[in-house]
Structure formats: C-alpha cells, structure tokens
Amino acid sequence: MLRVSDVVEEYEKYSLGKVLVILTILLLLILAAGIAVTLGSYSIPFFKVYSILIEHPNSVEGRIVWFLRVPRILMAIIAGSALACAGAMTQGILRNPLATPYTLGISSAAGLGAAIAILYLGSYAVIPSAFAISLIPVFVILAIAKMRGATPETMILAGIAMLYIFSAVTTLLMFFANPEDVKEIYFWIVGDLGKASWKAILPTFASLAVCFLLLFWKTWDVNVIMIAGDETAKSLGVNPERLRIFVMFISSFLTASIVSFTGTIGFVCLVAPHICRMIIGGDYRYLLPASTLFGGLLLLTCDTIARTVMAPIVLPVGVITNCLGGPMFLYLLLRRRREYW
Amino acid sequence: MRIRIRELEFEYDGIPALKGISIDINEEFLAIVGPNGSGKTTLLKCMCKILKPKRGVVMLNGRDINDLSQMEIAKRIGYVPQNVSGTFPAKVFEVVLTGRRPYIGWKFSRKDLEKVSEVLRVLGLEEFAMRDFDTLSGGQQQKVLIARALAQEAKILLLDEPTANLDLKHQLEVMELLKSLTRKGVTVITAIHDLNLASMFADRIVMMKDGKIFAIGTPKNVVTSDNVRAVYGVEVRVLEVDSYRVIVPVKG
Ligand SMILES: Nc1ncnc2c1ncn2[C@@H]1O[C@H](COP(=O)(O)OP(=O)(O)O)[C@@H](O)[C@H]1O
Ligand SMILES: [Mg+2]
Chain Y
1 MLRVSDVVEE YEKYSLGKVL VILTILLLLI LAAGIAVTLG SYSIPFFKVY
51 SILIEHPNSV EGRIVWFLRV PRILMAIIAG SALACAGAMT QGILRNPLAT
101 PYTLGISSAA GLGAAIAILY LGSYAVIPSA FAISLIPVFV ILAIAKMRGA
151 TPETMILAGI AMLYIFSAVT TLLMFFANPE DVKEIYFWIV GDLGKASWKA
201 ILPTFASLAV CFLLLFWKTW DVNVIMIAGD ETAKSLGVNP ERLRIFVMFI
251 SSFLTASIVS FTGTIGFVCL VAPHICRMII GGDYRYLLPA STLFGGLLLL
301 TCDTIARTVM APIVLPVGVI TNCLGGPMFL YLLLRRRREY W
Chain A
1 MRIRIRELEF EYDGIPALKG ISIDINEEFL AIVGPNGSGK TTLLKCMCKI
51 LKPKRGVVML NGRDINDLSQ MEIAKRIGYV PQNVSGTFPA KVFEVVLTGR
101 RPYIGWKFSR KDLEKVSEVL RVLGLEEFAM RDFDTLSGGQ QQKVLIARAL
151 AQEAKILLLD EPTANLDLKH QLEVMELLKS LTRKGVTVIT AIHDLNLASM
201 FADRIVMMKD GKIFAIGTPK NVVTSDNVRA VYGVEVRVLE VDSYRVIVPV
251 KG
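Line by line, the protein sequences give chains Y and A.
Be aware that the first sequence starts at 1, since it is given in our numbering, and climbs by one per residue.
Be aware that the second sequence starts at 1, since it is given in our numbering, and climbs by one per residue.
Be aware that one or more of the hints could be misleading.
To be verified - In the DSSO-like style, the derived pairs of lysine-lysine whose C-alpha atoms are separated by at most 27 angstroms in a straight line are:
| id | chain 1 | residue 1 | chain 2 | residue 2 |
| --- | --- | --- | --- | --- |
| 1 | A | 179 | Y | 13 |
| 2 | A | 49 | Y | 218 |
| 3 | A | 52 | Y | 218 |
| 4 | A | 169 | A | 111 |
| 5 | A | 179 | A | 169 |
Hint data in this document are derived by calculation from the structure and do not stem from the laboratory.
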C-alpha cells in the first residue's frame with residue numbers, strides 16, 4: 001500500500017531526473033563549445049586557443065579566434081536553441097509532431113525577403129527584408145484564425161498555403177535573375193552561419209532570451225491543452241485559442257529574428273524537440289528548456305562538422321543538418337513507441 | 001452551490017440541439033438521461049461555458065456564468081468529458097495534476113502534489129501514478145479523469161457518461177464515490193445511459209428528448225414505463241427489487 005507522501009516522492013524523483021538530464025545537456029553544450037573553438041580550417045594548437053581567449057592578442061590567430069570562431073560558435077548555439085525552442089512550442093500548440101515554425105510558412109517568406117533584397121536592394125538589406133516579409137504569413141494566419149477559429153488544422157493548412165505561395169514567388173524571381181544572384185539566394189535559403197559576427201549576436205540573443213521566457217511562462221498551459229484537449233482545457237480555465245495565438249506569434253517572431261540572419265536552417269526545429277521528448281517525456285516545463293539547449297548543441301555539432309569535414313572548404317551548415325536530419329528523422333520514425341508522439 | 005438554468009437554447013451551425021431548458025439544481029445527485037443525440041452532452045458543456053448558448057442563462061449562486069471568467073468557473077465546476085481521447089503520452093500523475101491549473105500560476109507547491117496523490121488514493125489509482133495514461137484500460141482512464149476533476153476541488157461536478165466504459169463492479173464503485181461526494185456537499189450532475197444505475201443512485205432524474213426536458217423528478221416519478229415508451233420508443237416493465245426500481249425490456 002502506497003502512502004500519499006510515497007506517490008509525491010516518486011513524482012519528485014521523476015522530476016529531478018528530468019532536471020539532471022537538462023543539466024547534462026548544458027554540460028555537453030559547454031564541452032562542445034570548448035572543443036569547437038579549437039577546431040577549424042586554420043590550425044591553431046589546442047592550448048594556444050585558450051591562451052588567446054584569455055589574452056586577446058591582436059595577432060592573425062587572435063583575430064581568427066575572436067572574430068571568426070567565437071561569434072560563429074555563439075551564433076550556432078543561439079540559432080539552434082531558438083529554432084528548437086520555437087519548434088517544440090509549435091509542435092505542442094498545434095498538437096502535431098511535424099509542425100514547426102517553417103510549417104507556418106516563415107522560412108519561405110524569409111527566403112522571399114532575402115531574394116528581394118539580393119536582387120533589388122543590395123545585400124545590406126537582406127536581414128531587415130527577410131525579417132519583415134517573414135512576419136507576413138504570421139499575420140495572415142492570425143487573421144484566418146480569427147475568422148475560422150484558431151484550431152490546429154486551420155493554422156497548419158493556412159501555413160502550408162503560405163509556404164507554397166511564398167516559394168512560388170521566390171522561384172519566379174530567381175527564374176529571371178542572373179546566375180550570381182541565384183547562387184547567393186540559394187546559399188541563403190540553405191542556411192549558413194558564415195556571416196556570423198559579433199554584431200549579430202546581441203539582437204539574436206536578446207530575441208532568444210525574451211521569447212524563451214515568454215514561452216516558458218506558458219508551458220503549464222500548453223501541458224493542459226495537450227493533455228486535456230481544447231474543450232476540457234476550457235473547463236480547467238485555459239483559453240486554448242488565445243494561448244495558441246500567443247505562442248504562435250512569439251515562436252514565429254523568434255524564428256523570423258533568427259532566420260533573417262542565418263537563412264533557413266532545416267531540421268533542428270523538428271528533430272531536437274523529438275529527441276528530447278523521447279528522453280524526458282512531454283511535460284513542457286522540462287521539455288522546453290531541454291529542447292532549447294539540445295537544439296544549440298545539435299546545431300553547434302553540425303556546424304563544427306560543416307567547418308571541418310571538408311576543410312579548408314566550409315560547407316553551409318544547412319547542408320549538414322539536412323544530411324543528418326533526414327536519416328535521423330527516419331530512424332526516429334522507425335523506433336517511435338506510439339502512433340505520433 | 002445552486003445552479004439555475006433558464007430558457008437555455010443552443011444551436012450547432014443553425015441546427016438546434018437545446019430548445020429551451022430550464023432547471024433548478026441544488027446540492028444533490030442529478031442524473032440526466034435520454035436517447036443518443038437528445039442533448040445531454042451539449043447541456044453539460046453549456047453549464048461550464050465550454051459552449052456558449054445562443055439564448056438563455058446559466059446562473060451560479062445567482063451570478064450569470066457569462067460574468068465569471070473561465071478560471072473562476074474552473075474553481076467551482078469540474079467537467080469530466082465522455083470520450084477519453086488523446087494520443088499524447090503523459091503520466092497519470094501529470095494528467096491529474098492538470099486539475100490544479102485553476103489554483104497554480106506556474107509553480108506548484110507541495111500541497112498541490114499532495115492533493116493529487118490524495119485523490120489518486122481515494123480512487124485506488126496510486127499504483128498507476130507513474131504509468132503512461134494511454135497504457136491504462138478504458139475504465140482506469142475514466143477514473144483518472146474523475147480524479148482530475150476531484151483534484152480541481154470544485155463544488156459542482158459535471159460528468160458525461162462516466163460509467164460507459166466500466167465493468168459492473170467499477171460502475172458501482174464510481175457511482176458510490178459520486179454519491180459519497182454529494183454527502184460532502186458536492187453537487188453531482190451526470191449524464192448516464194443506464195436507467196437502473198440512475199434510479200439507484202440519483203436524487204432526481206432529468207429525462208431529455210430532442211433537446212427538451214421531457215420529465216424531471218424523483219426516479220420513481222420519472223422512470224416509468226409510459227415515459228420510457230414515449231422517449232425511447234421501447235416497451236419496458238418496471239419492477240421493484242429490494243426497494244430499487246429495475247427496468248426490464250419487454251420482447252416485441
Ligand atoms: N459538434 C457538433 N456539431 C454539430 N452537431 C452536433 C455536435 N455535437 C452534437 N451535435 C448534435 O446535437 C444534438 C445533441 O447532441 P449531444 O448533446 O451530443 O447528445 P447526447 O449527449 O444526448 O447524445 C445531436 O443531434 C447531435 O447530432
Ligand atoms: Mg453525449
């Protein structure tokens with residue numbers, strides 16, 4: 001016969017296990033960053049790198065570490081974390097494991113914004129243009145949700161429609177563009193961290209920090225609508241439609257603020273939350289921080305591979321995430337325990 | 001707590017499902033019976049603002065529920081849905097914990113966790129606490145949903161066919177539990193198909209037909225062969241066994 005306090009203790013032990021998993025991922029992330037900073041096409045000895053990090057010398061090696069490697073590593077962590085964070089929340093509120101911010105049309109709209117800038121405005125305008133246009137599908141979907149009700153089905157279908165429309169327009173623009181521009185647009189669409197700089201770190205990190213906190217604040221309500229369903233959630237005091245719109249808006253904003261710097265890096269937002277869900281379960285109070293850190297770890301690992309596997313050629317990280325993400329996803333599908341989750 | 005329902009009307013896309021329902025409910029065990037599609041589920045959902053009626057009011061202790069926020073209603077009314085749906089995996093403990101939502105902003109206290117394990121114990125579910133909800137049998141799942149409503153500590157419980165998935169023993173167990181709650185001052189309102197169970201446990205029975213109340217009153221007055229014939233179109237005999245009323249269908 002179990003006593004009341006036994007059940008409570010069992011649950012607390014279970015929760016503690018999740019906290020330990022999150023701390024482990026954090027540790028791995030720090031470790032991976034520590035290793036990544038010593039790797040690169042320009043070979044610098046391991047200990048030299050750390051002395052550079054401490055002393056900031058104004059040598060060639062010093063500049064490589066400080067202005068190329070460190071911002072790129074930070075950007076990989078920020079972008080991976082942000083995409084995984086937005087992906088985890090989108091999957092939850094749309095109750096669909098395949099839904100990501102990209103499903104809502106954000107990536108293809110950002111791609112169009114980048115293409116317009118590259119073709120007509122000049123590359124200085126890529127980031128603002130990508131960001132501005134990637135918010136269009138967000139507002140269209142919100143408007144449709146207002147008219148037809150913010151159900152998961154409405155939002156996903158509206159998002160997929162956006163995705164097709166924006167891709168079609170981008171394709172049309174590329175069709176009439178010169179080859180150099182097409183290459184640049186294409187490179188952007190694949191997703192790349194090569195342009196990472198200290199200037200990009202601050203706004204992206206600020207966006208990640210603010211959006212993460214706003215989303216984290218709603219994790220308990222997301223648990224309720226996922227476990228109880230929309231109708232019963234109402235009887236528990238949660239407004240599912242308002243929650244869905246709030247979370248969708250914040251996740252989309254976060255994604256847009258990242259992809260306008262990096263291009264559309266695929267699969268992190270899909271795979272990272274899945275792997276975490278398999279390890280620690282679906283309670284978003286733990287799943288969200290775990291996915292966020294794990295996304296950073298995943299993208300940093302992919303980017304380190306992209307920088308070193310064919311050195312001195314540096315591949316766009318999007319190629320690596322897609323190459324690894326596709327098979328990894330199939331593997332997950334094969335060994336999943338249940339129909340969807 | 002008292003509930004007054006006046007002239008309640010509800011439509012699904014223009015098709016009426018409730019056509020002018022008026023009931024006064026006090027602290028009691030009220031069973032809602034009626035054929036499939038007669039509006040039982042719709043009525044329960046209107047009572048806790050899951051659905052917004054087209055016309056009419058639901059008053060809770062004299063206050064229109066439209067003037068109460070969803071959160072205020074959640075503290076007073078617990079709802080146990082009929083279909084146990086959801087492919088999303090969660091531990092039984094986590095499912096019941098969602099019943100604490102109206103009381104917790106973000107962080108639960110030890111008290112919330114203790115409340116959850118207490119209701120799990122009351123329903124004999126403590127050994128399942130760490131099991132995945134979707135690995136339980138239909139009857140066990142049903143009990144978990146009742147546990148969630150109990151964790152909500154609401155003074156009014158709305159249940160939609162809570163015994164539909166249960167074997168005889170568990171049907172009686174759940175009804176006994178609900179009955180014992182009414183003795184503690186909880187108002188229990190349950191939709192139910194089994195007229196025998198309803199007669200055995202309910203203080204009053206509402207019999208619905210086509211979105212209207214056909215009869216309301218004590219089991220003795222409502223569950224009669226005339227009413228059952230008129231509402232269900234079935235010939236039955238009503239027997240009395242050990243002072244319980246038992247309905248037996250008569251072969252055509
Ligand atoms: N979501 C819905 N959309 C349209 N019609 C519905 C919906 N739910 C119920 N109805 C209709 O409303 C009427 C009452 O249904 P319901 O309240 O579920 O009855 P009961 O619970 O007594 O079986 C039925 O005619 C049913 O077909
Ligand atoms: Mg029903």
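> Are residue 169 of chain A and residue 111 of chain A close enough, with their CA atoms no more than 27 angstroms apart?
Replying inline: violated, 32 angstroms
> Does the structure keep residue 49 of chain A and residue 218 of chain Y at a Cα separation of 27 angstroms or less?
Replying inline: holds, 22 angstroms
> Can the restraint linking residue 179 of chain A and residue 169 of chain A be considered satisfied, given a maximum Cα separation of 27 angstroms?
Replying inline: holds, 15 angstroms
>> Next pair to validate is residue 179 of chain A with residue 13 of chain Y; report whether the Cα-Cα distance is within 27 angstroms.
In response: Measuring from Cα to Cα gives roughly 35 angstroms; hence the hint is violated.
>> Need the status of pair residue 52 of chain A, residue 218 of chain Y: alpha-carbon distance at most 27 angstroms?
In response: holds, 25 angstroms
In summary, the structure is inconsistent with hints 1, 4 from the numbered list given earlier, while agreeing with the others.
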